[in-house]
Amino acid sequence: MENEFSIEVRDLTKMFGGFTAVDHISFEVRHGEIFGFLGANGAGKTTAIRMLCGLSLPTSGKAEVAGYDVFRKPEMVKRNIGYMSQKFSLYQDLTVSENIYFYGGIYGLKRKVIFQKTEELLEKLDLKHARNTLIRDIPLGWKQKLAFSVAILHDPQIVFLDEPTGGVDPITRRQFWDLIYEAAKAGVTIFVTTHYMDEAEYCNRISIMVDGRIEALGPPAELKTRFQSQDMDEVFVKLARG
Amino acid sequence: MAITQRAAGEYAIRIEKLEKRYGDTHALKGLSFSVKPGELFGLIGPDGAGKTSLIRILGTLVLADGGYAEVLGHEVVKDYRKIRQKMGYMPGRFSLYQDLTIKENLNLFATIFGTTLEENYELIREIYVQIEPFKNRRAGALSGGMKQKLALCCALIHAPEVLFLDEPTTGVDAVSRKEFWEMLGRLKSKGITMLVSTPYMDEASLCDRVALIQEGEILQVDTPDAIEAAFPRSLYGITGADTYSLLLAMRADERTASVHAFGDSVHFTAKEAISAASLQSMLSEKGFADGVEVKEIRANIEDCFMELMSGGRLADEEISK
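Protein chains in written order, with my numbering: chain A, 514 to 755; chain B, 4 to 324.
These aren't lab readings, by the way, just hints derived from the structure by calculation. Treat the hints with care, as some may be off.
Once the Cα atoms are required to be at most 25 Å apart in a straight line, the calculated BS3-like pairs of lysine-lysine come out as [claimed, not checked]: (1) A:K656 / A:K637; (2) A:K600 / B:K274; (3) A:K737 / A:K591; (4) A:K656 / B:K32; (5) A:K600 / B:K150; (6) B:K274 / B:K289; (7) B:K181 / A:K751; (8) B:K181 / A:K737.
Some chain A residues close to chain B (C-beta under 7 Å, calculated; not the full set) [stated by the list, open to error]: (9) N554; (10) E735; (11) R739.
Backbone N, C-alpha and C define an ideal beta-carbon position, used for all residues, glycine too.
Please put together the full structure from these sequences, using the hints given.
Structure follows, in structure tokens:
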């Protein structure tokens, strides 16, 4: 299905017993857009992302990701997205090149393609000297850049980044955003969560979830004007504190 | 010991040339600083900076490999028992008993320290009332925010003189972070000395003084104000251009010393002194004319941290001090 959106969500809802974790959320994300998905802890972000990645079935509503319905084609959704989180990304006991090979295999890439992509990637990230180093022995900043590159190894339409920059130094954090910009320029849709409010400003549009609902959605500049705030931090606090 | 002993009471915490190694990893490379009684002191740095190692040494949980450390006038190895009576510790990972309720955890910690919940209730009241409605719930079933409040109550139950908080706000949303720092502010007004570690640079401004640390070394120790004021060059904020294109264009220019994205603006410094007007024309040359605004701005802690990381120095007087 060809249309201008990578993600289309209508009234998406998830209930756990009597508790509504995600409450009729609706939004679209365009191809190549950097979309920030914000909210306080417990607002329902993780539940929403799990549904969009085809890992959890919605209670009601509709969501299409990369052109596939998350209800009916969760496996096709998984094949056409990339995912990276701070908590889980690479295997510590495998080397740099083994990790690339492993993920390439998972996503069904041919050996030849994987080898070619491995070389390109090591060159681009300046990691050639570390190809046979175990992941646990490389600095956190490299790990994160590598994890991102591996998450888009199979050229997915969309990549989901769940707090990708936690704990890294400010320079590495910005280098990571360079990779995000570059991927977006190449047409990959970026769906990102973060607790750094300055990073929210790097997004084309952001949404802010409060108690399972999307309370605000728009470009950062527009939200700052609408909520009469200096920066996104202020917008976030105004909304989340109610 | 060659290092001079000072009168107890002058410092709440003092470390000199502190060293720690784990195999080949040099976690702490000779750190020195001191914290005054009643101070709210921040250890600011990314993962791997050595924050946790330092807190564990001060908390008498891990032995240093060299140097000297004292807490409340007690040396951390010889007098560890005295320190443990007077310190509170909130580790980075939730470490209370998951299968005990809120009330049971509090009673357990109170009993261990030979006190009761009632005895120091005033100190924890403000925090405790927020979790009291759930006092019969097991700790394992609490939300992240409630766990954090319970851990803070347990760390305070024996009215410690000094409190160590290891990354209490990591992974916590912006609102909860704000609330947590407000709680620390109230504890400070009760005279408790606090050493707080955090990877969030913006939290530096909430501390009396901070140590910026990176890979086991101290980059700078001072008040946040003094650190910001010592930024060595003119710093410009550029707004109104496409961030990524602007970054690429400015990075490629040899006049650029540093250029970084900062929220909705880009922070720029030049190798040689440059006026706002000539920066404006430099931008026009590159096709960034329409709607682009240039303003000289004051550096924040994150600007300073990046400057120090890249081998830059803050003002010379800071170095000679």
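Do the hints match the structure? See the list:
| no. | hint | in the structure |
| --- | --- | --- |
| 1 | A:K656 / A:K637 | 14 Å, holds |
| 2 | A:K600 / B:K274 | 39 Å, violated |
| 3 | A:K737 / A:K591 | 35 Å, violated |
| 4 | A:K656 / B:K32 | 24 Å, holds |
| 5 | A:K600 / B:K150 | 19 Å, holds |
| 6 | B:K274 / B:K289 | 18 Å, holds |
| 7 | B:K181 / A:K751 | 12 Å, holds |
| 8 | B:K181 / A:K737 | 19 Å, holds |
| 9 | N554 | 5 Å, holds |
| 10 | E735 | 12 Å, violated |
| 11 | R739 | 15 Å, violated |
Hints 2, 3, 10, 11 from the list above are not met by this structure, while the remaining hints are.
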